[in-house]
Structures are given as structure tokens and as C-alpha cells.
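Novice: We have chain W; now place chain C onto it with these hints.
Chains as they are written, first to last, in the numbering used here: chain W, 4 to 101; chain C, 333 to 594.
The hints are simulated quantities; they were obtained by calculation from the structure and are not laboratory data.
Ideal Cβ placement from N, Cα and C applies to all residues, glycine included.
Honestly, I wouldn't trust all of these hints.
Claimed, not checked - Derived list of chain C stretches under chain W, where covered just means 3 residues or more per stretch with a C-beta under 8 Å from a C-beta of chain W:
no., region
1, 343-351
2, 355-362
3, 375-389
4, 547-554
What follows is each chain in one-letter form.
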Amino acid sequence: MQLHFWDNNWTAEVNESDSNYNVNASDKFNISLDVSACTASINVYEIIVPNETFQYKNFTVNATIRSQGGSSSDVYTNISVPSGWGVGNQNTIYRNYK
Amino acid sequence: MLEIKTQYIGTINENVLKRVSWIVNATTEGSFSVTVNANSSGQGTDSESSAAFTTYKQFAQASLAGSATELNPNQEIVQGVSCYVGDYRIASIRALWNTSEKTAVRVYVYNSTGWKEILHSHNVSGTETYSVPVLRGQIAANESGECAVKIVNIGTGRINITSASLEAYYTSTVKVLDIKTTVNGIETTGIEPEDSLFNVTVNVSNPTASDYVSNINLSITAPDGSIANSSIVSNLNISASLSVKINFTNININNWRRGLIF
Chain W
4 MQLHFWDNNW TAEVNESDSN YNVNASDKFN ISLDVSACTA SINVYEIIVP
54 NETFQYKNFT VNATIRSQGG SSSDVYTNIS VPSGWGVGNQ NTIYRNYK
Chain C
333 MLEIKTQYIG TINENVLKRV SWIVNATTEG SFSVTVNANS SGQGTDSESS
383 AAFTTYKQFA QASLAGSATE LNPNQEIVQG VSCYVGDYRI ASIRALWNTS
433 EKTAVRVYVY NSTGWKEILH SHNVSGTETY SVPVLRGQIA ANESGECAVK
483 IVNIGTGRIN ITSASLEAYY TSTVKVLDIK TTVNGIETTG IEPEDSLFNV
533 TVNVSNPTAS DYVSNINLSI TAPDGSIANS SIVSNLNISA SLSVKINFTN
583 ININNWRRGL IF
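Just chain W, same shape as in the assembly (with noise of 0.2 Å):
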């Protein structure tokens, strides 16, 4: 059975793969999801870095966080790197992804 859904109305049909598939799409209802049970989470989401680096060369690591589920707070972020290697000139950009 197939779900869809759009703002708040939902419909489920069966799957055309089904043995015993016949068109036969449901109307359309308004579903509540109680989500006050799930709790947040941090992920970082994504990471990018070069191909290629030079010795003695400065280059960028953006790493992109989110929070999904509700809000985090108190977010610290680190990066680890190899030993000898020198990190620093942080900063942050925000922005909305939705």
C-alpha cells in the first residue's frame, strides 16, 4: 500500500505491483501526528574538503550541521585532523535549508 500526503490531506492506494492490485485510491483525510515523543537530534550532515592539499598550504573544511526532530542547543562542533596539523580561522554561516 502506497501513502501520500500533502499539507494535511492524506491517501493510500495499493500498489500496482500488488497479485491482487486494482485501482481503488482512497479519499482524501486529514491525519495529527503526535510527534511530542520524538526528541532531536544533531547531525552533522555533510562534509566537504578538497581532492587535492599542499603541504604548508592552508585549505577550507565546511562541514554543515542540522538538527532535525526539534531544536538543539548547546551545539559544540570540532574537528580531528592528523597529528601535526595546524586548524583555525573558524567562522559560521547560517541559513535556512527548508
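Specialist: Just chain C now, kept in the frame of chain W:
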């Protein structure tokens, strides 16, 4: 992974991305990845590693051997500097030259089999410091362990080559530095019919910090593509930072056709 740099980014609301950046300075060569960790006081922690990337080792700027030289038209100068065995990703030849006349230069680098043109023609008038880029795979150490540069005066005036230097980035790799053929202990590039046996010495260099075990296969190919001789030395240990010479002795040419180049 020891060096860790932490950033506090506060609260992240749902549906908001926060991009965090670090400026990193790599000090060692090889293939690496970095790891980013995020943790929240109440929302747990997450960690991801980047894709692997290559860091090339610096060959710091070094002067090419040879004193200042004046080149007449059509004259050339070859200068070299001791360099490491490896795959050169990028390099730069920096030359200081001057002329009281108008002329032009052409620049080549040695790529382990021959001269590779890297600057076809550059007009010179007066005094100038000029950098010539060298791309991936265009330069390599020769059998003497030198990176060599050839500058040719292709113009109509004289030019003074005051100095030249090389700066490069490379990865250390095990390489065949040289192959020598000898007959009766004398190096040669041709064999007389009465000399039915000859020897080949292969010089293999391991500039890395690790021992390397390898099979060294000598293959001699005839002009028609057929294999005239194939010999192998198995499980040869080449210690870190050392070169070894492998001798393939008494290679018999009795059945080889005369007059051909193998």
C-alpha cells in the same frame, strides 16, 4: 587524530543548516580524511568523516646548480637540482634572466624518459624574473636523482641566465630510477653478435618511510611487440629511504635477430 579544534555554535533550530568552517594546514604527506563531530547538551552527538584526499609533500624552493651563463642564439643550458623520487603533482621553475637585446627562450624539464617542453616561446627584453608552471607528471628525478631543466635561447639576441630555482609538490613513491645494460662489465647501448650474453642492472629507489616488498620484472620487448626476454626477482625487500640495484645477469641473445632495437 590528535589536533582538535572546537567551535561553539549555540542553538540550531529545526530546518536550519549551520555551516562551520575550519582553515587547516597540512604538514604531512599522504592520503587522509578529517572527522567532524557535533554534540549538543541534550540532543546527543554525531560524527562524520570526510572523503579521503591526497596531501602532496613540499619540495621547498631550491636553486638549480650552475653559475650565471650567457647564451648566444640557439645555445642552451641544462641545470639540475637534487630532488626526491616520486610523482610530481605541480611545480614551478623560477628564472632570473636579462638581456640588453630582444630575444626569446624555450624551457624544457626532464620527465624520466626525455625532455618535455613546458614553455614554447617567451619573449625577453631587459631584466625579468619569470615563473614557468610545471603540470602533473611533467618532471621527474633522473638516474642521478636530479630534476633537470633545459633553457634554450631561441631568439636572435644574447641572454644572461642569472639564476633558476625549482619549487614542487609531490608524493613519495617507489620508482625505477635507472636501467643500465652492460657487456663484460662495460656499459653499452649496443651488443655485438659475438657477445652472446649481457647484463641489466635496474636501480629502484624507495623514498618512503616504509619498507617495500616488490616483484621486479624485467621485460625486453622486440620491435614487433613480442617478448624477447622476461625475468623476475620475487619478494625483493627495499628498505625505507634506500635504493637497491637488481642485477639480471647472462641474458642470452643467441636467438635474437641482429640489427633490431629492443
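Novice: Which of the numbered hints are not met once you compare them with the structure shown?
Specialist: 4
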